[in-house]
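K.L.:
For the record, the sequence lines run as chains A and B.
Counting in the numbering used here, the first sequence runs from 1 upward without gaps.
Counting in the numbering used here, the second sequence runs from 1 upward without gaps.
Careful, some of the hints might be misleading.
[What the hints assert, rightly or not] List time: in silico DSSO-like cross-link candidates among lysine-lysine, alpha-carbon distance up to 27 Å:
| hint | chain 1 | residue 1 | chain 2 | residue 2 |
| --- | --- | --- | --- | --- |
| 1 | B | Lys92 | B | Lys102 |
| 2 | B | Lys58 | B | Lys99 |
| 3 | A | Lys35 | B | Lys355 |
| 4 | A | Lys64 | B | Lys58 |
| 5 | B | Lys365 | B | Lys301 |
| 6 | B | Lys355 | B | Lys365 |
| 7 | A | Lys42 | B | Lys365 |
| 8 | A | Lys64 | B | Lys24 |
| 9 | B | Lys241 | B | Lys102 |
| 10 | B | Lys92 | A | Lys42 |
| 11 | B | Lys355 | B | Lys301 |
| 12 | B | Lys301 | A | Lys42 |
| 13 | A | Lys35 | B | Lys58 |
| 14 | B | Lys241 | B | Lys92 |
| 15 | A | Lys64 | B | Lys92 |
No wet-lab data here; the hints were simulated from the structure.
In case you want the letters, here they are:
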Amino acid sequence: MNDDSRHSLHASARALQEIELGSEDVEVMLPTVSKSLTAVSKLAPRIAFEDEPALYAPFMERVKG
Amino acid sequence: MSGTADELCEMDMVEVAEAIRTRKVSAVEVTGACIQRIERLQPTLNCFISIEAEEALKAAERADEEVARGVIRGPLHGVLLAHKDMLYRAGKVTTCGSKIRKDFVPSYTATVHARLDAAGALNLGTLNMSEFAFGPTGHNGHWGHCRNPWNPDHITGGSSSGSGAAVAGRLVYGALGSDTGGSVRLPAGICGLAGLKPTQGRVSRYGVMPLSFSLDQIGPLTRSVRDCARIFSVIAGHDPKDPTSSTMPVDDYEARLSGGVRGMRIGVPTNFFYEDVSDEVRACIEESLRVFRELGAEIVKVQVPHVDILDGLSNVIMASEAATIHGNWLRARPDDYQPQVRQRIMAGLFYPATKYLEALDLRPKVVADVIDAVFASVDVLHAPLLPCPVPRIDETDLGGSSEAHAAVGSLSRLTRPLNYLGFPGLTVPAGFDGNGLPIAFQLLGRPYAEATLLRAGHAYQTATDWHRRVPDHPE
């Protein structure tokens, strides 16, 4: 991530969340955030138009052991 | 029966419940023995945040009076327990392992507490934990680190650190913890105990401090799988006060322990779970599979889909929900968090809402893929719990550094995937490493297959005695 992006993150954090965000905090968090977003994006194309979070619990009951 | 105090403390939960019920021993005698042991070991283990010895002894007296009158409240009558300091009890301070909540007094009681009370259990106090349940090691800069009874220089695992240490140290007969990424299973395995993370929604979360409402589950840490089944039978089941709790019928888990594993198909993953596992851990885990084979189980190799990215999917959900839950404190009191905890929560501020919802939307699809690829051909999946020998407290005390976050990821790498799926998982002790610390395997099952996991774990414990080993006094 470049300096502009880091600056943008800091500005967003301040503006939206009123939370102090140290540069050390950003450096520590970024690898996990980046990896986690990549994980979601990898499977996101499989999401159907009608999908929603509420479908999970009934589905778990259908596939029970 | 008139055992020494140590002998009383070293019975397991089912044994002591039976001994109290049949008046071979009194609840007062047993509670007194535990309290004496706590006085000796608490300074070393630091597993309690609060101890209510007088209240526990009074409750033990009432329990004995009831037994004398032929009144047995339930399967845990007179049995001394304690729980992770995040289960609310009306009028009692619940610190959540934090500075921010050090004086928090809830006005209502967790359903799990109420169910254990109704079953006759006694409560000795509150147990140490990682701050706000964030942390797989058991470090806590506010309340002091919890220490492993097998070797106090080593971690207990977390975040239910005190639950692991207190039960393994034979200070109480069982404890509840919470599991969002491994926080019941890790301390159970690292302390040589059985530990169960139930199916998502199987146990009420009413009155429990939230970390991530989509991933949190409450589960027991006990000295044996049989004990686990008993306490789980008490706490499982729908709760009208928790609308997310499942209405699926609850099994009689203890009655279903028998039956063995002959013909059971036990899956061994060919991907992910054995990567970077130490030789020592691998040898122990493979030996446990040999035991299962001897018991008549069939070992089947399986490939688990998506498992390498489940950690990432889980992180998006966990951090987004945690950042929302902690939003006001992050704004007003950021310095009252330990740096590593604050950083892990704040990461949630940077996940777009669309990505959070995508991670949730994907859950049924990922569940379906894992069911088709794995549980269509096996009954349970067997895997290592921790890829390495139990580390030392000093070598994992890394503050808010990148190394600390890497260590967190490494320790919970093999447990976190299960929380995204929402499947049940059982930790079972399987031996010891060269430092004398426990090694464990985990059994993973389909949704609502806790009875199958417990039956398999119990069968293993009828053929082994790892769960009967007791740590030497770590004084």
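K.L.:
Out of the numbered hints, which ones does the structure contradict?
P.N.:
Numbers 2, 4, 8, 10, 11, 13, 15, in rising order.
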